[in-house]
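So the sequences go chain by chain: G and H.
When we follow our numbering, the leftmost residue of the first sequence carries the number 1264, and every step to the right adds one.
When we follow our numbering, the leftmost residue of the second sequence carries the number 71, and every step to the right adds one.
The set of hints was computed from the structure by calculation and includes no laboratory data.
Among the hints, a few may not be true.
In silico BS3-like pairs for lysine-lysine, Cα to Cα no more than 30 Å straight-line [what the hints assert, rightly or not]:
(1) H:Lys195 to G:Lys1459
(2) H:Lys158 to G:Lys1459
(3) H:Lys195 to G:Lys1453
(4) H:Lys232 to G:Lys1453
In case you want the letters, here they are:
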Amino acid sequence: MATSVSPETTGTELPQPTYGEITRDIAATLGNPSRGYYILFAFVLTVLAGGVIALLYQVRYGMGVAGYTPPVMWGVYITTFVFWVGIAHSGTLISAILYLFRSAWRTAVYRTAEAMTVFAVMTAGLFPLIHVGRLWYAYWLIPYPNQRQLWVNFKSPLLWDVFAVSTYFTVSTLFLIVGLIPDIAAIRDKATGWRKQLYRVTSLGWRGTDYQWRHFTRAYLYLAALATPLVLSVHSVVSWDFAMSIVPGWHATIFAPYFVAGAIYSGVAMVITLTVPLRKVFRMERYVTVRHFENLSKLMLLTGMIVGYAYVVEYFIAWYGGNAFERASFWNRAFGDYWWATWTMIICNGFLPMFLWFRKVRRSIPALFVLALFVNLGMWFERFVIIVVSLSYEYEPYAMGHYTPSWVEWLILSGSFAWFFMWFLLFAKNFPTVSITEVKEIIPMPRRNEASA
Amino acid sequence: MSAHAGGLLAAFVHVDAATSAIRELKEMGYKDLTVYTPVPNEEVAEAVGHPVSPVRLWTLFGGITGAFLGFLMTIWMSLDYPMIVGGKPIPSWIPYVVIAFELTILFGAGATIAGLIFHAVRDAKPAAFDGRFTDDMIGIFVPCPVERRSAVQQLLQSSGAKEVRVED
Chain G
1264 MATSVSPETT GTELPQPTYG EITRDIAATL GNPSRGYYIL FAFVLTVLAG GVIALLYQVR
1324 YGMGVAGYTP PVMWGVYITT FVFWVGIAHS GTLISAILYL FRSAWRTAVY RTAEAMTVFA
1384 VMTAGLFPLI HVGRLWYAYW LIPYPNQRQL WVNFKSPLLW DVFAVSTYFT VSTLFLIVGL
1444 IPDIAAIRDK ATGWRKQLYR VTSLGWRGTD YQWRHFTRAY LYLAALATPL VLSVHSVVSW
1504 DFAMSIVPGW HATIFAPYFV AGAIYSGVAM VITLTVPLRK VFRMERYVTV RHFENLSKLM
1564 LLTGMIVGYA YVVEYFIAWY GGNAFERASF WNRAFGDYWW ATWTMIICNG FLPMFLWFRK
1624 VRRSIPALFV LALFVNLGMW FERFVIIVVS LSYEYEPYAM GHYTPSWVEW LILSGSFAWF
1684 FMWFLLFAKN FPTVSITEVK EIIPMPRRNE ASA
Chain H
71 MSAHAGGLLA AFVHVDAATS AIRELKEMGY KDLTVYTPVP NEEVAEAVGH PVSPVRLWTL
131 FGGITGAFLG FLMTIWMSLD YPMIVGGKPI PSWIPYVVIA FELTILFGAG ATIAGLIFHA
191 VRDAKPAAFD GRFTDDMIGI FVPCPVERRS AVQQLLQSSG AKEVRVED
């Protein structure tokens, strides 16, 4: 630590870039996509088209084309919903919670994380609609006065979820946009052609005047302060979708903290997954350094251990609680039909992150990238195990069943990744994925007499 | 916003030079300065001397409104379509806390944005601008009539402005 004091405090390797260099380097990442970008974009659109076709097929022929088999009526769609909502969470953690903690290192990665949050919630939001089958009745979820005087049930966690997820989407979008405004103004003053017009409109007249900053800094602080409890509440509410029912394997008080930790865990893994290639392609090595990855990996190790602890406690309580159904459910998880899903989850989320105890692994970007991919996989399986495996093995042996996802569900799942990456690719080439303003902010402004600083 | 009264636009590289210029200008009675910085800066904010932004009140009242509306909506809707279970009270406010909480955040955030827009637009005054002020320079626009310009120009230059230009 003592050998490199300055990078530890400012978040950048020496020599520190000047303000002018920061604007230039980050503005250089925008516009003029290469051939590779278009090829990747075309691939993403193709996969998305596969998902859309599968969805249209399901709309035409009904929910029967999904692999639902009673009693498993929540399958890949709900799993994927929880997965994407979870991905979103670490974006808010990095952009809002670490902002309140004044962690200087967050500045280089937070924009990517916050954009990821918005796009992940946009992806997650599709799944309840896909899952209800009749998309055109989705508006029934919203409380509104209708002819039958029917109001929705506010005691249901499913309705809390409607409020939680839509609030989360709105607030994180506002947070992303507000943070973007000074950056867009900075690129506006460099850009030419149609992009200048785009940035002129989207910077909303920002000039960085004293009164603009005066209101902006306060507003940003309060948005961060509001986003912080929000992010904790959203995944708690998602967990209550399960915990409030009496299905063995679901009905546990640990669910809210367990889900929040899992969400941040999977989200940090996704931030690493996105940042590694982005940094390479955009040549951002000067701004997003190994130290940032090391900090992210520490966050991943911490949340991974909370998740691992929750796995252990779940099993312990299933045994210690003495409830025969609960015990049977957990025995079935580990050694039943879906043993492979459970062990994938335990190995990917519980064991593999233990490599992060080694400094060498934490500072090796290829190793982190591979680990992050495994964590992403493991976290999807975690939701699959909690949802599908618990439902398939409830109380009555006669009513137990086995669910296998159908090709429609797999196509829609892959389409959801394509949808997410489509937005991310569009964002990365048109708006700065590293915050210009906040990277500048951690570097002190020049003084006439440097010694007095 | 280009229809400003005319004045001098100075560009500074150094933050301490800019703050001393702001202080001296204010002493001379030029109170309607517009100061541009690429990043929020405490020293500049202090030299300009604004009170704390009133946006925080918007956040507070937005949040209170959200909490109130959350309980109002849920309780009213339960009473309007009663689902009586075991003779228990019809509105069960405890689970409604979740809805009220989410609406507190939603309305609080919405009001914060509304406050930001309202105050930033209300405080806006016409002033000359230069693209470098969002990049790496600090800008000061001093609206002043032609006859006083040479004095102001001298002040700006002696306090270390890299460039001073006349804007009409």
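For each hint, the structure was consulted:
1. H:Lys195 to G:Lys1459: Holds - the C-alpha atoms of Lys1459 (chain G) and Lys195 (chain H) are around 23 Å apart, at most 30 Å.
2. H:Lys158 to G:Lys1459: 62 Å, violated
3. H:Lys195 to G:Lys1453: 24 Å, holds
4. H:Lys232 to G:Lys1453: Holds - the C-alpha atoms of Lys1453 (chain G) and Lys232 (chain H) are around 20 Å apart, at most 30 Å.
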